[in-house]
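Undergrad: Mind docking chains B and C on chain A? Use the hints.
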Amino acid sequence: MRLVQGNEAVVWGALAGGCNFYAGYPITPATEIMEYMARLLPGRGGVFIQMEDELAALAAVIGAAWGGMRGMTATSGPGFSLMQEHIGYAAMSQTPCVVVDSQRVGPSTGQPTMPAQGDVMQARWGAHGDRPALVMTASSVKDVYDTTRLGFEWAYAYRVPVIILLDAVLSHMRENIELPAVAPSPEISQPTGGMSPPFGPYPFVPFSAATRTIVSGLAHDESGATRGSGIGAASERILQGALRQIEKDASRIARCRTDRLEDAEWAIVSYGITARAARSAIDLLRRDGVRVGLLELHTLWPFPEHIVREVARKVRGMLMPELNLGQLVLPLRSAVEGICPVSALGRADGELFTPEAIAAAMTEEIQQIEVGGRVSHHA
Amino acid sequence: MNSAWHGDPLRVRLSGRGGQGIILSGVVVAEAAMLDGKFVVHTQSYGPEARLGASKSEVVISRREIAFPEVVLADVLLCLSSDAYQKYGGRVAPGALSVIDDLVAEAGRTTGEVVLPLRRTARELGNELSANMVGLGALIAIAGIVDPEHGRQAIRQWVKPEFRDVNLKAFERGMELGVARAVAP
Amino acid sequence: MPEVGEDLKRYLRSEMMPTVWCPGCGHGNIARSIATALDRLEMDLGQVAILGGIGCSGRTPFYFNTNAMHTTHGRVLAFATGLKLANPRLTIIVAMGDGDALAIGAGHFVHAARRNIDLTVILYNNNIYGMTGGQQAPTTPFSFRSTTSPFGSIEPAFDAVDLALAAGATYVARTTTFDFAEMPEFISEAIRHPGFAMVEILSQCPTYFGRLNKLGDAPDMLEYERDHTIAAEGSTTQAVEITRQDLLGTLPVGVFRREIRPEYVHQYAALSRARGGNYGE
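Protein chains in written order, with the working numbering: chain A, 1 to 379; chain B, 1 to 185; chain C, 1 to 281.
Same shape as in the complex, but just chain A:
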């Protein structure tokens, strides 16, 4: 048992996932991640480099992936905005990598030290064009460790940039957790042959003497060719292929945790740090005899529609509190349209919701629905 900070848990989770390359740029509240990496990676034979900006940080990670190392970077809002260009490049070039975004209040410089969940839509749609997206979040230090480790597994399984959304509170929070023994970097077997095409539904093969791969952000086919008729269709086919594979594996990818939903008439759907206040809110509401449960989402994108629908069929109404002015509530509403009403509870002032505030919003929603209306809250 050890007292571990959220940002430190990112590092141990990453190392457990085989991460041996880190490029970054300092930014509150993510900086400790790179400070830990700077101390740990040289002695483990990995690479740490501080780049000149966040664009360069993610570019170096992508370059390193093609050089055969497993890389990540971490940032916060302003840096995450800059990284969108290369999140798009990583998606287009099917380059596995992990990007951690410790969310703070925006837009712009906002409140650098205060928590938010305002990058949920940017994580999905921030880069121009359509792309497969795999975005996870966490609500405890242990979750941070597990999620980061899993991030590397999925980045390579699906050849996508995996985005992990934390927040300013979780990054700096310490909890006592059981950390698995620090193993030396696992030997990750990487295919070395040039036998399968370099792009499309095939394993990621870094550059070697046997390959002659051309990596490009231009539309390309499975061979990497960027010219000729049908390149547009080929590019769409490759990107959609990744998207469909992720959707096909949705039951594995869509991680969530439920709490007291068995007999629930009402559900709070939440994620990240807010889900912890929601769990306490359920204690308060249950004490008053309200049968309410929690659905905590760990995977945000692809949005776990099948899970929220299943819950929606059993309850009379849902509440989604989030530290933004209404982001993840949009796909939630669209998924459960016609099944059950959803209220939104949002704030973007840098404070967490207290359990009392969430309980009060749930109570108000229940009253509104019981008199027959639908309602939308904004704190």
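Hints listed in this document are in silico derivations from the structure and should not be mistaken for laboratory results.
Note that the Cβ used here is the ideal one computed from N, Cα and C, for glycine as well.
Any given hint could be a false lead.
In silico contact screen, one side only, chain A against chain C (beta carbon under 10 angstroms); selected entries [unchecked claim]:
1. N20
2. F21
3. G43
4. V47
To be clear about the criterion: a stretch of chain A counts as covered by chain B if any three or more of its residues have a C-beta under 8 angstroms from a C-beta of chain B, and this derived list gives those stretches [stated by the list, open to error]:
5. 124-138
6. 164-177
7. 279-291
TA: Below, chains B and C without anything else, positioned relative to chain A:
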């Protein structure tokens, strides 16, 4: 056991001015509570706030897994500076215990506020920056929030070697201040 | 690209020909010089990676029979830095345009030079944005026209050699597409150089820069290059002054720096070893 500081979860807020080692004292409480076999969550205010003006560090301690990680109303408060007192002095639960430095002029007017010479004691020890540990010692002696031996272990674990001795000494002096206060009503 | 002999064909991807470059463009000559340099150095193609940014020069990676990355506008050196650190045995050649290296990518350019990481930058400088149709570049000389400086540029031009020297590049050279002998010679030397090497090559863009500034077609522009450059080894201070005052001016060409300074990957490997790691072994 009617005091707030014997409840579960126990919500501890440590506050002061940036540079007084407030975050470190929170980490020490969290580590000690962990050694007691509890679940702990430590959160901190950070960044510019940690260097200018009031700074805070919070620990929630429980026998069960902790849901909400922050402290709204504290059961136990340590306050080392006037600006922190103005900000957090009133944000305590009914029956809370507050240990406040005696250089905070306004303190001591409310029930549950124990005013002690934390910074002056630290200065006597030759290091005013150890006032946080004097305060922790006093808090632990009065409220018993963690096992004092685990408090010492936590200091050894988290304080840099060159400051370890002075911090341990400060902790003991704080315990003495607290014990004297706890027996004399 | 101009015709290449059988000896160079193995370096190139025949299936990618013809190139995107316009008739008369100087970039094909630069690409052929890269192939010539690889041949002279008897490089194992499996150990070479060619990277490019965005723009006309950025297409270079497509034409070589090596592993290659066509990256994003201006940021190729950051990709190259990651690739080199992950696979130090690779010889990495980076094709950049003048807008790529000196406008959108200037920040990456100076920091790669500062680190002295073992990369070879070939800077294709045609004084204009070609791919987007002839807009002003940071290298467009004062008073010269482009589609976004239709009345003549009112900005001083950037000198890439000056910048590379100031940023700490340890091999810095300039030549022109007029000089068929010097191009492969400088490129070979730059590839062999253990550190950050930059060869700027003035290249003609008859389609935009030539037409908009009435400089004639490709042969006229090559003569222009010949007539407006002087061999100048060593300090460029004086010559740079001339450039700024004198339009396209009389640019010094030659090798401006050959210096051995600790290289970044070696420095990192030493750090790793000192910390008990086995990076680079």
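Undergrad: Let me make sure I understand: some of the numbered hints might not hold for this structure. Which ones are they, in numerical order?
TA: Hint 5 is the one this structure does not satisfy, whereas the remaining hints hold.
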